[in-house]
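Engineer: As a plain string of letters, each chain reads:
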Amino acid sequence: MESNKIKVETTRFGEVEILKEKIYSFPDGIPGFPKCKKFCILDNNKNTLFKWLQSVEKPELAFVIFDPFLLKKDYDIFIDNEALKTLQVDKREEIIVTVILTIPKGKPKEITANLKAPLIFNIVKKIGKQIILNDSKYPLEFPVYNSLSENSEKGDK
Amino acid sequence: MLVLARQKNEAIMIGNNIEIKVVEIKGGKVRLGISAPSDIPVHRKEVFEEIMEKNLKAAEFDMADFEITSVQTKGEMDKL
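Residue numbers (this note's numbering), protein chains in the order written: chain A, 1 to 157; chain B, 1001 to 1080.
For the record, the hints were derived by calculation from the structure and aren't laboratory data. Hints may contain errors.
Unchecked claim - With a Cα cut of at most 30 Å, we get these calculated DSS-like pairs of lysine-lysine: (1) A:Lys125 to B:Lys1057; (2) A:Lys126 to A:Lys35; (3) A:Lys91 to A:Lys20; (4) B:Lys1045 to A:Lys35; (5) A:Lys125 to A:Lys46; (6) B:Lys1054 to A:Lys38; (7) B:Lys1008 to B:Lys1021; (8) A:Lys107 to A:Lys137; (9) A:Lys7 to A:Lys105; (10) A:Lys137 to B:Lys1057; (11) A:Lys38 to A:Lys5; (12) A:Lys46 to B:Lys1057; (13) B:Lys1057 to A:Lys58; (14) B:Lys1057 to A:Lys72; (15) A:Lys85 to B:Lys1054; (16) A:Lys51 to B:Lys1054; (17) A:Lys105 to A:Lys38.
All chains, full assembly: derive it from the sequences and hints.
Structural biologist: If you want it as C-alpha cells, here you go:
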C-alpha cells in the first residue's frame, strides 16, 4: 500500500515522518535558498503558536514561522498578480499568511518578525511563496517580544 | 551585460511591455520611471538582498534559543 507519509531528514528534529499533505512546493524557492523548492510544516506541540517550516531537501534548513495577525491585528498586505499566479489562487480562503521569525544567537529576547516579506501558503494546492511588500509600512525586523507584552498590558486595562 | 547610454527622457524597452525611462539625472543620482504590467514585481535590488540576508539569519536559529523564546512568549501570549 502506498504510504501517505514520507520520512524527512532534519538537523534539528532528527528524522521526522510527514504527511504528504503537509508538504508545500515553493516554485521560486525562498530568497537566499533558491534551490530549495520543497518544504514541510512541522507542528510544535509545546507551543502551538509557533510552527517550523522545514526544507525537505536540506536537513539544516528550517525557519520559525508565526501568525502576523497576533503581532499586528491590522496587518494588511497586497499580493501581486504574479504571486497569485505562482500560488494558483482561486479563492481568498485558500490563502494563509505567516511570517518568518529571526532569533539572534544567544539573544532569544531580541526575536523579530519579518513583516516586510511574509510567506503566503495556498493550503488547498500546497504551494508557498515569500512575497516582498513594496510599501515600507512594515519593517523587516518587528520586535516580537515588546509588541506582545504591550498588547497584553493594554489588554489588562 | 548589455550597457546602453541614455539621456534624460530617453527609455529602454524590455520585451514588449516593460519600459524603463530616465526621468531625472541630478548630482550622481538617476531617477527611473518603470512601466510594467502589474503582474511583474519591481524591487530595488537592495530590498531583495535585505530579505535574502534576513532569511539566511533566520535559518540559523538555535533550538536552545527557540525553547527559551517559545516558553517565555507562551506566557505573554496567554495574556492576550
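Engineer: Any of the earlier hints contradicted here, and which numbers?
Structural biologist: none
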